[in-house]
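Peer 1: Both chains are sitting in their own frames, so use the hints and assemble them into the complex.
In the order they appear, the protein sequences are chains A and B. Following numbering that gives the first Met the number 0, the numbering of the first sequence begins with 0 at its first residue and continues without gaps. Following numbering that gives the first Met the number 0, the numbering of the second sequence begins with 0 at its first residue and continues without gaps.
Just so you know, these hints were derived from the structure itself, not from any lab. Treat the hints with caution; some may be incorrect.
[Claimed, not checked] Some, not all, of what chain B presents toward chain A, calculated at C-beta under 8 Å:
| id | residue |
| --- | --- |
| 1 | Val114 |
| 2 | Leu115 |
| 3 | Ala155 |
| 4 | Leu296 |
In this text, a Cβ means the ideal position worked out from N, Cα and C, and glycines have one as well.
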Amino acid sequence: MRVSRGTRLSLRVVALGYLFVLLAVPIGVILWRTFEPGLSEFIASISTPAARSALNLSLLIVAITVPVNVVFGVATALALVRGRFRGRGLLQAVVDLPFAVSPIVVGVSLIMLWGAGGWFGALDRAGFQVIFGIPGMVLATIFVTLPFVVREVEPVLHEIGQEQEQAASTLGANGWQTFWRITLPAIRWGLTYGVVLTVARALGEFGAVIMVSSGFPGVSQTLTLLVHSRYIDDHNTYGAYAAATLLMGIALVVLLLMTLLDRKRSDR
Amino acid sequence: MTSDTDQQRRGPHPETDAAPLPPRSGATAPDGIRPRGDDAPHGAGSGGAARRTRHGKGLRGLRRPLGIGIVTLWLSVIVLLPLAALTVAAFDEGLAGFWEAVTAPAALASLWVTVLVSAVVALINAVLGTLVAWVLVRDEFRGKRFVNAVIDLPFALPTIVASIVLLSLYGPNSPIGVELNATRWGLVVALLFVTLPFVVRSVQPVLIEADREVEEAAASLGATTWTTFRRIVLPTLAPAILSGTGLAFARAIGEYGSVVLIGGNIPRETQVASQYIQQQIEIDRPLNAAAVSVALLAIAFVTLLLLRVVSSRSQRREERDA
Chain A
0 MRVSRGTRLS LRVVALGYLF VLLAVPIGVI LWRTFEPGLS EFIASISTPA ARSALNLSLL
60 IVAITVPVNV VFGVATALAL VRGRFRGRGL LQAVVDLPFA VSPIVVGVSL IMLWGAGGWF
120 GALDRAGFQV IFGIPGMVLA TIFVTLPFVV REVEPVLHEI GQEQEQAAST LGANGWQTFW
180 RITLPAIRWG LTYGVVLTVA RALGEFGAVI MVSSGFPGVS QTLTLLVHSR YIDDHNTYGA
240 YAAATLLMGI ALVVLLLMTL LDRKRSDR
Chain B
0 MTSDTDQQRR GPHPETDAAP LPPRSGATAP DGIRPRGDDA PHGAGSGGAA RRTRHGKGLR
60 GLRRPLGIGI VTLWLSVIVL LPLAALTVAA FDEGLAGFWE AVTAPAALAS LWVTVLVSAV
120 VALINAVLGT LVAWVLVRDE FRGKRFVNAV IDLPFALPTI VASIVLLSLY GPNSPIGVEL
180 NATRWGLVVA LLFVTLPFVV RSVQPVLIEA DREVEEAAAS LGATTWTTFR RIVLPTLAPA
240 ILSGTGLAFA RAIGEYGSVV LIGGNIPRET QVASQYIQQQ IEIDRPLNAA AVSVALLAIA
300 FVTLLLLRVV SSRSQRREER DA
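Here chain B stands alone, though its shape is the one from the complex (with noise of 0.2 Å):
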């Protein structure tokens, strides 16, 4: 392949897929970039044979075969290897042992727990990371700034970390009297400490970027507060509190650092998901280790596919709108 070839080939950019980022990275979002058509001056164009084969070292590499040969390479042996294996070891014993496995009482149990507790957590992050988000952009305080960096803590705190923080104060001896380990309670607690960023922050720009002369027309126009906030502010805050509370759910499905000091991993009770993998993994049961992984990768992505076409669907209708 030529380098002039290379060039033509070069259209304008395809769009980056929505990734399930933390948001506060996410904001990096390459929006109004400019297509770069072919008109582009041709760099090596007048170029010689020689000064081509050079180029195609280095930068020009990655756009050849084997830069993306390379690339293709270390995304596979890293992440996708892995998990092919984890599949194909998950069926092992065909569909009806991945079937018997995931079925497994205890299997189910820590299913349906994860499942539960995480949705209870999705809620509460919906409902309070708005709340949070609101008072942080509408509302003026002293001490707004610091309040607003702390808000990133749980992304920067390990989970771990999180997990014995709150032991110290909802564990045993707790200082206040509240004993939340061991309980359904305390897995809500931890995993609201560590998704508290994730609807905060998908919410705060769209709160900024909002047009609150409509606000206040309908408020002139006699509408009440509840009424303005009903009709006018949800509905523009609605895709993103959407996002930020599935990618909130999607993280607490698979939590394991936060939860496992104070969950007390009671089979049933409290043990979620990943406590029961990595109790099969201790008991030498990978089949079983292997089939809920799958399935609990499986809820993942369903979560985040949903995702993808509401917040495209919802796109579509503002393009429309406008």
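In isolation and in its complexed conformation, chain A is listed as follows (with noise of 0.2 Å):
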């Protein structure tokens, strides 16, 4: 399609401005309000107590939530790629559903689940706490980035076949021989991309996060969390930009991360 100077002109000042509009400009006046009363402020922001357990609950999160989806995850691309059974369209289907479903479904599912008065109810009247405890938001941040590590392996096992997996067990290798030596080296920049990809919903999820956290400062609450109680329960709305702040620059270095291994993977 041939377009005149003009127009390409304008299609530009508007796609550009657009963007201005609705990313640029706010995100510039997020840190000029940030960084104009200084440095040492945003750093005394986001050092105190409440913000310093609030950054460990969200490492804890994430420290847990990985190796978890790491390894189902691995063994679900594993069974969907490589297995034939009954049904496999059906956990492909599953697999997806975290995407379709809201976050604060996502949390009032849970609490239907593992609440006072759920099905498994019968665990939190026993005196292990679910919803409202750290395992409650470590079930929710799970059931958000469960896709990630699954969809971003499958390809890539489907891509590498078994060829060499076959070849591995003809020489005598075992399994695990098999899976360390030859699979996991094959699979390993769709498995990190799928990981980048789950620290930074898990850092960042707020909705499925707030249903089943009893919120309470300096022990349940995570990053996203202080952003928001900061801005809605203490009326600290520097406290709220600090955090929102420091929440950002981590996903500035994850969006850094996402291009370079985007770049690395398909340099394969």
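Peer 2: Okay, here's the thing in structure tokens:
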């Protein structure tokens, strides 16, 4: 399609203007408001005891979610790609379900299952508190991040096929050896990409986590909950901006990693 | 089951389902995979019984009932059981109870606001997302690569940060004098922010692949730019625009974090379904919360199902034309 210079320029102006108003200006304003009172103010605001414990809790949730998702995600991807069994299509659909479910609905579902009045309410009454405790927040995070590892590893498994694995077993390697030496090195970039997406979402999840958290500052607040409670409960607008800027910094690192890994994956 | 039958049952790969993934991750969809028939070398074919039992562990285990059982159990506990418990809770007082909870004026209003705002957001996305994709593919300017990378920012940014970011510009004490908080336009802006990548990222690859010779042929036959766009470019892009728009809509109706601060949560005005659900849990009305949750899920599923039907139909048409 040949477009006159005028049209092309005006389309460019509209597109860039839209992105500018929607993305650039708001982010610029929040950065300005965060750093306007000085860097020391920002550091003081993100190193209060509540902020430290929020960061720790967020990292703890990531530290539990990532290994669990890696183990079960790779297992699920292997079963979906290499397994031939009935109900596989159904399993495929279940893996995609978390993308279609609203975070709030995830929270409500977990309450209906694990809450005091839920199906597994006996657990709660026996003193093992899932909802309004860390286990509930971990379960919520695993729910929303479940598809990432599976969906990033699956295409790679399809692509590499099975010839090398079969060659390895012909040469006498057992299942674990084959997995560690052949399969895992082959899927490593896909797996890493899946882990990066998982970390980003686990740190940033808000809706599902707020539903199952008791939200006490210093005890059961993640970074995202801290942003919310500082703004809503404490009317500490600056603190909310500072915590949001911290999260934004983490997101930028993630974005950078995503771009680099994406290039690495396509080089393969 | 011996490993030999295992090998024989390994046929060509059936197609993976089209995943409602963000387009970026979906870009690695396994196209052009060679079907792997039974003529593949049989690894353990000549091995003895001892080797076969060793293969029962690890990799092979995942093709066996035990491995599949573990995976199924995992997915059930994490995903299926909670959703089942939710559905049962929604129908705790029968169909009538469910209906009453969903059609309560406040619930109905929140669902209406959600669908209305999401539809507006989807439409704006369809137009401006396509435009942005076009500029990123067909135009050349300095800093294009940077702009291209920035498109993914809303996917990487936590939703609550999106909310705060927009509030700092369009909220109280807005530095530009535009106060959108607690209005429906505030909701629209928040949702436009978080759904920006969907249409752009699904249209971009199609536009890169599009055959420009056809467009030039149309132009040399005297078609105006507008006619070429309407008759040649738009039909090529339509499936991608539609799928991006559908995913954006599905995301928008369930969104919570990005609208919670800017929306204002005014019943019948700016309260969206997810906020209504959260409120019902807080005032201890689990039935209402579960019922509206099920309604929201149903809307999302119908959207994604329609999307899949339309995309498979257009794919079939393409194959027939080819």
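Peer 1: Hint by hint, say whether it matches the structure.
Peer 2: Evaluated hints:
1. Val114: 13 Å, violated
2. Leu115: 17 Å, violated
3. Ala155: 4 Å, holds
4. Leu296: Hint holds; leucine 296 of chain B Cβ to chain A Cβ min 6 Å, cut 8 Å.
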